[in-house]
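*Asks:* If you read the sequences in order, they're chains A and B.
Using our numbering, the first residue of the first sequence is number 404, and each one after it goes up by one.
Using our numbering, the first residue of the second sequence is number 593, and each one after it goes up by one.
Note that these hints are calculated values from the structure, not bench results.
Beta carbons: idealized from backbone N, C-alpha and C, even for Gly.
Hints are supplied without guarantee of correctness; some may be wrong.
To be verified - Listed next, the in silico DSBU-like pairs over lysine-lysine satisfying Cα-Cα at most 35 angstroms (straight line): (1) Lys593(A) - Lys632(A); (2) Lys683(A) - Lys601(A); (3) Lys593(A) - Lys624(B); (4) Lys532(A) - Lys683(A); (5) Lys632(A) - Lys683(A); (6) Lys601(A) - Lys632(A); (7) Lys632(B) - Lys702(B); (8) Lys632(B) - Lys601(A); (9) Lys520(A) - Lys593(A); (10) Lys732(B) - Lys593(A); (11) Lys702(B) - Lys685(B); (12) Lys732(B) - Lys670(B); (13) Lys532(A) - Lys492(A); (14) Lys624(B) - Lys732(B); (15) Lys593(A) - Lys634(B); (16) Lys624(B) - Lys670(B); (17) Lys528(A) - Lys601(A); (18) Lys732(B) - Lys634(B); (19) Lys860(B) - Lys593(A); (20) Lys520(A) - Lys601(A); (21) Lys860(B) - Lys683(A); (22) Lys624(B) - Lys632(A); (23) Lys632(A) - Lys492(A); (24) Lys632(A) - Lys685(B); (25) Lys601(A) - Lys532(A); (26) Lys670(B) - Lys632(A); (27) Lys860(B) - Lys492(A); (28) Lys520(A) - Lys532(A); (29) Lys624(B) - Lys634(B); (30) Lys732(B) - Lys629(B); (31) Lys685(B) - Lys670(B); (32) Lys732(B) - Lys685(B); (33) Lys593(A) - Lys833(B).
Stated by the list, open to error - Cβ-to-Cβ under 7 angstroms is the rule here; a few derived chain B residues that face chain A: (34) Leu779; (35) Ser808; (36) Thr850.
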Amino acid sequence: MPLLEIENLVVTFDTAAGSLRAVDGISLSVDAGEVLAIVGESGSGKSVSMLAVMGLLPWTATVKADRMAFEGRDILNLSAAERRRIVGKDIAMIFQEPIASLNPCFTVGFQIEEALKQHMGLDRKARRKRAIELFAAVGIPDPEDRLGHFPHQMSGGQCQRVMIAIAIACNPKLLIADEPTTALDVTIQKQILDLLMKLQAEQGMGMIMITHNMGVVAETADRVIVQYKGRKMEEAGVLALFETPEHPYTQALLSALPENATGDRLPTVSDFAFEDTPYKGGRA
Amino acid sequence: MSETVLETRGIVRDYHLSGGLFGQGRTIHAVKDVSLKVEKGKTLAIVGESGCGKSTLARIITMIDAPTAGELFIDGEKVDITANRLSAEMRRKVQIVFQNPYGSLNPRQKIGDVLMDPLVINSDVPASERRDRAMAMLTKVGLQPEHFNRYPHMFSGGQRQRIAIARALMLNPRLLVLDEPVSALDLSVQAQVLNLLADLQDEFGLTYVFISHDLSVVRYIADDVMVMYFGEAVEYGTRDKVFSDPQHEYTRTLFAATPRADVESIRKRLERRAA
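Just chain A, with the same shape it has in the complex:
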């Protein structure tokens, strides 16, 4: 049984100019211990579909799906209270802007202990002990002292480590990482990706990596879904996708990478006609 299973997810937003389909019939599934990457440009609906899973969309959004299940249990029609018991514990999420996603008014120690208190029911002493363990696990030096720091006293890379520590605090079964390294420098990006992959392998978590960076996909994913304008273009194993991209949009994305440049001008995505090419089904 897959960890997360989504069939034909449609998300529409009510706007002043009528309704807007941000996600248009996406199906996907993730197994335990598997890393699925979702790639697409801005506006392709990759974040929105995951926010729908987390139940974090604003009230203007309407979420419909034939099936949306976590460990075989329906999560589409949960009450808010039931959802809160799963979200943050069994499904955790990391966001793009580490500094913006932490609360500036509380110490990082308070914020990680809050998650432990909410979901694990540990007492004060045990929470502190666990928080120190977690900080050490994500490679924050001098963890005991760091618990008393505020987010503004830490760098972007350190804040992202804190976010990861909070996300893995309750041993989630599925970790959703939404552009976890986009705001970071390349050397820090490498450290954070290495850390995520290490934690993923150690804990056997399922992971969904949302990104627009083909390099990040190549370095992390087992399987890849390419999305464009809310629709799935291609789904394939990472090697197959890079070796023999089948859909013209995937081909366009890969040839627009500067490192694949052959002539003195780059081919652009608009050079490829892809909008009418339908999704052909997944490959290994």
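With chain A fixed as given, assemble chain B onto it according to the hints.
*Replies:* For chain B alone, coordinates are given in the frame of chain A:
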């Protein structure tokens, strides 16, 4: 013979922080002794992480900020903005394009005015001609004449970056400083903007100082590469030399950290993972 458009000798920039009422003041050395030389029609890429001083250097080259020590030459002419006021001609020679096209355009200014403003301030082009020039520039950067009367919020990120580039080109500069011009853009739009920059360079013989942290973009666009680390230029040479034979430890770290998207590396990673 090639002409040198930009030269700096031993540029230093320090920022002094006052320590408040009781504390000790501190000095931050943002740029330490940077010398470089760019010839006409060439592209120098400056690479480094946030806080390494690359944007400070860009501000000095653009004559927005004065260096603490060192000399700056534009077209062989020595520039010192602290001693004498810059002439309009000097202002015309160097223009800059910023990273974030959402922040660098005034939301209440129409695109036409965005493009005509530099002419009003730094040239004596008559009003009748300003409009024609702005229209011509719009088509040159791949936009339409009907965009003239629109506001920035009506454009996508890639289109806004085209507008920012068009504004910089209105005064026919010799040197264009591009501070992370594609890092806020999607992959496909990034390719379009990079192609546009290459086209414009060919057409006008422009010289670029291209600031970036993305090594794959740098490798594609640059003739010369400078790597900065904590304010120092730790590596400086032709693109091929820097990429094939990096001398400094930090450059090697940077290369090793860049994600690889080739099939061979993916295969190796999957093997490691299976083991």
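*Asks:* Would the hint on Thr850(B) stand, with a C-beta cut-off of 7 angstroms toward chain A?
*Replies:* 6 angstroms, holds
*Asks:* Can the restraint linking Lys520(A) and Lys532(A) be considered satisfied, given a maximum Cα separation of 35 angstroms?
*Replies:* 13 angstroms, holds
*Asks:* Quick one, are Lys732(B) and Lys593(A) close enough, alpha carbons at most 35 angstroms?
*Replies:* 39 angstroms, violated
*Asks:* If you draw a straight line from the CA of Lys593(A) to the CA of Lys632(A), is it 35 angstroms or shorter?
*Replies:* 29 angstroms, holds
*Asks:* Between Lys732(B) and Lys685(B), does the CA-CA distance stay at or below 35 angstroms?
*Replies:* Distance of about 19 angstroms is within 35 angstroms: holds.
*Asks:* What's the verdict on Lys532(A) and Lys492(A), does the C-alpha distance respect the 35 angstroms limit or exceed it?
*Replies:* Roughly 18 angstroms separates the two Cα atoms, so the pair holds.
*Asks:* Within a Cα-Cα threshold of 35 angstroms, do Lys520(A) and Lys601(A) meet the stated pairing?
*Replies:* Since the Cα atoms of Lys520(A) and Lys601(A) sit roughly 26 angstroms apart, the hinted pair holds (cutoff 35 angstroms).
*Asks:* Given the hint that Lys732(B) pairs with Lys634(B), does the C-alpha gap stay at or below 35 angstroms?
*Replies:* At roughly 21 angstroms apart (the allowed maximum being 35 angstroms), Lys634(B) and Lys732(B) satisfy the hint.
*Asks:* Decide if the proposed pair is consistent with the structure: Lys601(A) and Lys532(A), CA atoms, cutoff 35 angstroms inclusive.
*Replies:* Satisfied, since the Cα-Cα distance of roughly 22 angstroms is no more than 35 angstroms.
*Asks:* Is the hint on Ser808(B) kept, meaning its closest Cβ partner in chain A is under 7 angstroms away?
*Replies:* OK, holds: Ser808(B) within 7 angstroms of chain A, min 4 angstroms.
*Asks:* Verify the proposed pairing of Lys528(A) with Lys601(A), using a straight-line Cα cut of 35 angstroms.
*Replies:* Measuring from Cα to Cα gives roughly 28 angstroms; hence the hint holds.
*Asks:* Are Lys670(B) and Lys632(A) close enough, with their CA atoms no more than 35 angstroms apart?
*Replies:* Answer violated: Lys670(B) to Lys632(A) is near 52 angstroms, above 35 angstroms.
In this structure, the earlier hints numbered 4, 8, 10, 14, 22, 24 and 26 are contradicted, and the remaining ones agree with it.
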